[in-house]
Amino acid sequence: MELLQVEDLSFRYPKSERDALYGIDLSVQSGEFIVLCGPSGCGKTTLLRLLKKELAPYGERSGQILYNGAPQDALTDAGEIGFVRQDPESQIITDKVWHELAFGLENMGVPTEVIRRRVGEMASFFGIEGWFRQRTDELSGGQKQLLNLASVMVMQPKLLILDEPTGQLDPIAAADFITTLQKLNRELGLTILLAEHRLEEVFPIADRALVLENGRVLLDDAPRMIGTRLSEFGRDHPMLRALPSAVRVWRGIGSGDPCPLTVREGRDFLERNFNSRAEELPVPEAPHDAETAVELKNVWFRYEKDSPDVLRGVSVKVYRGEIFCILGGNGAGKTTALNVIAGLDRPYRGGVLINGRHIKDYKGGALYRKNLAFLPQNPETVFVRDSVRADLAEILEAAETPKEECAPRIEKIAERLGIADLLDRHPCDLSGGEQQKSALAKVLLSEPRILLLDEPTKGIDAFAKRDLREILRKLKSDGITVIMVTHDVEFAAETADRCAFVFDGELLSVDPPQKFFAENSFYTTAANRMARGLWKNAVTCEQVIECCRAEAGKK
Amino acid sequence: MKAFANVHPAACMTYFLSVLSVSMFIPHPVLQAEALLGGIMFCATLQKRREALRDLGFYLPLFLMIAVTNPLFSHNGVTPLFFLNGNPVTMEAFLYGVSVAVMVIGVLLWCKAYSEIMTSDKFLYLFGKIIPKLSLVLSMALRFIPVYLRQARRVSRAQRAMGLYSGKSFTDRIRNKLRVFSAMISWSLENAMETSASMRARGYGKKGRTNFSLFRFRSSDISLLAACVFLLAVTLAGASLGITDFTYYPRVGIIRTTPDALAVYASFGVLSLLPFIMEVKEAVVWNCCKSKI
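Each protein sequence line maps, in turn, to chains A and B.
In terms of our numbering, the first sequence opens at residue 1 and continues consecutively.
In terms of our numbering, the second sequence opens at residue 1001 and continues consecutively.
Pulled out of the complex, with its shape left as it was, chain A reads as follows (with noise of 0.2 Å):
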C-alpha cells in the first residue's frame, strides 16, 4: 500500500536565490525502509520537514504531497508521523522522563488510564524502566536520543521521519540506535525514512536508497546497486566516499561480483578473489622530529576529592609536527586528557610540559598566546559575536594586531579554511560542518603551535571531513601539532601519525595506526576487519584497494 507519495515538489525559502528542492518525486510504500543520503546542504532536511506538515519551512512551493491518497493537509492527527530530529538535547521539553514520554499523549486528550498503560508498554520495549523516574538532563546522549524515539513512538505514529539521528552519538550508542530503528521496522513493520551519513550500519539493512544531490533526487534505488549506479555520474563520483567500506572497496577494485555491503560480505568478496595471506604492508616510520611539543608526566586526575580518578598515571610525548589521536570509549578518560593539556583541568599528581616548559609556568594566558589553542566539542561555544567576521575579529583585536592587518588576516584563513562566503553570517545560522571550519579558523588567527581538537568529526558529513583531513594535513606541514580526541576510527586511520588508546583511566598502547589497528581485533576500522585475513595492516579503504590492485598485478 502506498503511505506516502510526493509529486514534482519544488521549493524555494524566501530570500534565496535558487531552489531547495527541485521536482522531488518519491513514493513511500508501507513498511518500507528508506535511507536518505547526500552531502549537506542538497534539501535532505528541507524535504523531510516539508513531509511533515507541522514542522514545515515557509517558503514558495508546488507540487503535492500525499499521505493516505489524500493532500497532507487533511492529517489533523499530529501523531500519525513521528519525527526525530539530530540534537537530542533540544527535543527534549520536560524535566522527567515519565513526563517526556506521555507529552504527546497529554497534548492528544488520552485519558490518564490510557497513556499509563501506553507509556508503560513503550517504555519496556525501548528498555527505559530502569531510568524511566529520572531526571531528562542527567541522561547521556544516547539515552536522550532514545528517549526522544521512544515518545515519539508511544504516539502510534504508521511512519517515522529522522533526520541524522546518530549525528551527535558515539558509535556504540549509534549502533544500538540503528539496531532499535531496525526492530521497529522488522517487529512493527513500522514505514522509515532516514536521513543519515554515516551509512555503514544503515545501507544493509535499507529496502531502497534515496541519492539526493542539489536538491534532486540523483538515485532512488536498492542500495545494493547505488554503487553501481554512482558510476554513471562520473568515476570520482563524491557520494562514493560517504558509501559503507565494503561497497568502496569492492568499487575501487572494480569488481564484476555483486556488491558487498557488510563486513561478513565484503571479507567474502576479498577472499574469493584474492588469495595473498598474511603479507605486511611495510610500516611508514611515524615521521617526527626529536623535539617534543607535549608530555605527560604520570599524570592523575579526578574531578572531587572524593570521586575515582579519570586519569591514572598518563604518560606520553607528543613530538612537533604529528597528528596524534586519542582514542577509546565513553568515559575512559579521553577528553579529561585533553583537557589537562589545555590547561582546563589541572591534574593532583604529575606534570604537563608544553613545548618542555612546564604548564604552570605560563601565566595569564601566555599558555593561550602563539602556543597552544583548543577547539571543544561543541563548535558553537566558541561564538559569541553576531557574525563569524566580528568573532574572528575579536581573537585579533585581543593579541593587539594592528588594524590595518585585520582584515587581510580574517581574509586569508577564510581563504585556507573555504569559509569565505560565510564570514557575514551568524554563527547559529551554520550547518555542523561550517560551524567546525569557521570555530577552526577563530582559534587558528592565535597562530597556535599546538592545536587540541575534541571530537571534530562529530555531526559532520563524509565531505566535510575529507576537508577537515585536508586542513589538518596542511597545518602538520607548517609544523603545527595536531593532538585529537575521536571516536571515529576510520578517520583516525587516514589521518594520524600515531594513535593512542585509552582505557580506565590509563593509556594502553601508542603506535601508528597501521600497527596501532592491525593489533586489535574489534576497535579497529571495517576496511581492516574485511581485510585483515589476507593483509593484516591494511587500515583504511584506499589500503586495501592497493593491496588488491599490486595482488591482480602480480598475476
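Where hints are given, some of them may not hold.
To be verified - List of simulated lysine-lysine pairs, DSS-like, C-alpha gap at most 30 Å:
| id | chain 1 | residue 1 | chain 2 | residue 2 |
| --- | --- | --- | --- | --- |
| 1 | B | K1177 | A | K458 |
| 2 | B | K1112 | A | K96 |
| 3 | A | K53 | B | K1207 |
| 4 | A | K476 | A | K360 |
| 5 | A | K363 | B | K1177 |
| 6 | B | K1207 | A | K158 |
| 7 | B | K1129 | B | K1207 |
| 8 | B | K1177 | A | K403 |
| 9 | A | K476 | A | K370 |
| 10 | A | K96 | B | K1122 |
| 11 | A | K53 | B | K1133 |
| 12 | B | K1133 | A | K96 |
| 13 | B | K1048 | A | K96 |
As the list claims (entries may be wrong) - Far from chain B by the CB rule (all over 10 Å, computed), these chain A residues:
| id | residue |
| --- | --- |
| 14 | D176 |
| 15 | G189 |
| 16 | R229 |
| 17 | T262 |
| 18 | K474 |
Think of the hints as simulated: they come from the structure by calculation, not from any bench.
Backbone N, C-alpha and C fix where the C-beta goes; we use that ideal spot for every residue, glycine too.
Given the coordinates of chain A, assemble chain B onto it according to the supplied hints.
Relative to chain A, chain B alone:
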C-alpha cells in the same frame, strides 16, 4: 522515607498543612512538645545516622540560643530566678523562651521533612490540577535550567581556552561574564525554537489537553486523609473551646488534665506521630514477611 514518600500528593499536602498550622498557631506546651517530638521522629526515619548527628549540631545550639535570649531581654513575669546587672531574670520569661524554641525547631524540622517528601513533581502535580499551563511551564523550566548552566560553563571554558579576557582583573572578569551571557542569549533563542518545533511535532496546541501523572489515589490515601481530617478537627475543636489556651505572663498557667483536654492532646499526638507510626508498621510488616520466607 519509604512509607510516607508513596502517599498521594494531595493527602501529603493536607497532612503537612495540618501539622504546621497547629504547631505554629496554637502555642500550648503539650501540643508544641508533641509537634517537636513528631518532627524529630519523622526526620529520624528520613535520614541516615551521620546526617542526623550533623543536624543535631545545628539545632541544639539554635535551641539554646532562642531559649536563653528571651529571659535576657524580657523581664516580664513574677518569679525572679536571679538578677543580672540589676534586672530580674524570671522563670516565666525563661519558660516562654523554651516554648518559642520548641516551636521554632519543631517547625524547622517539619519544613525539612516537607522538602524531602514533597518533591518538585508532587508540587507541580498539585498546582497543575489548578492551573494546567503553569505546571507544564514549570516542568520545562526545571529542564531548561540545568541545561542552560551546563552550556554556559562550556562557553566559558571555550573562551578561557582561547585566552580571551581570562585575566584576573575586575574589568576582564566583567567583560568575560557579559560575553558569555550574550552568547547564551542567542543559544537560548535557538534552543527555544527547536523545543517549540518539537512541541508542535508532537501535537501541542490542540484543545482538550490532559494532564498525566504517575500518582494514584489509593485506599490507603483515603484512610490517611480521613484520619488526618478527624484528628485535626478534634484539635481545632479543643482550641475553639479554649481548652488549649495557655499563658506565660504574668504567671505560668496550668496545663489542664480534664478528659476533654487529654483527648485533644492525644489527637494531636497521634497526628504528629503518624509518619513515624506508618514507618514502624511498615518495618514490622517487612520483618514478618522476611521471617516467613
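Going down the list of hints, with the structure as the test:
1. Restraint check: the Cα-Cα separation between B:K1177 and A:K458 comes to about 28 Å, which is no more than 30 Å; the hinted pair holds.
2. Distance restraint check for B:K1112 and A:K96: the Cα-Cα separation of roughly 23 Å lies within the 30 Å cut-off, and the hinted pair is therefore satisfied.
3. At roughly 18 Å between alpha-carbon atoms, A:K53 and B:K1207 fall within 30 Å of each other, so this suggested pair holds.
4. Distance check on the hinted pair: A:K476 and A:K360 sit about 26 Å apart at the alpha-carbon level, within 30 Å; holds.
5. Of the pairs offered as hints, the one joining A:K363 and B:K1177 holds, with about 21 Å between alpha carbons and a cut-off of 30 Å not exceeded.
6. For the hint pairing B:K1207 with A:K158, the CA-to-CA distance comes to about 23 Å; that is within 30 Å, so the pair holds.
7. Restraint check for B:K1129 and B:K1207: satisfied, since their Cα atoms lie roughly 16 Å apart, inside the 30 Å limit.
8. Between B:K1177 and A:K403, the direct Cα distance comes to roughly 26 Å. Compliance with the 30 Å bound is thereby established for this hinted pair.
9. For a cut-off of 30 Å, the pair hint linking A:K476 to A:K370 stands: about 16 Å separates their Cα positions.
10. Distance hint between A:K96 and B:K1122 is fulfilled; the C-alpha atoms sit about 12 Å from each other, no more than 30 Å.
11. Straight-line distance between C-alpha atoms of A:K53 and B:K1133 comes to about 25 Å, which keeps the hinted pair within the 30 Å bound.
12. Under the criterion of a C-alpha separation no larger than 30 Å, the hint pairing B:K1133 with A:K96 is consistent with the structure, at around 17 Å.
13. Note on B:K1048 and A:K96: the hinted pairing holds, with a Cα-Cα distance of about 27 Å set against a maximum of 30 Å.
14. No Cβ of chain B approaches the Cβ of A:D176 within 10 Å, the least distance being about 22 Å, so the stated non-interface status holds.
15. For A:G189, the requirement that its beta carbon stay farther than 10 Å from each beta carbon of chain B is met, with the minimum near 22 Å.
16. Interface exclusion of A:R229 from chain B stands, the closest Cβ pair being 34 Å apart, more than 10 Å.
17. Every C-beta of chain B lies more than 10 Å from that of A:T262, the closest at about 33 Å, which supports listing it as non-interface.
18. Against chain B, the non-interface label of A:K474 holds: every CB pair exceeds 10 Å, the least being about 21 Å.
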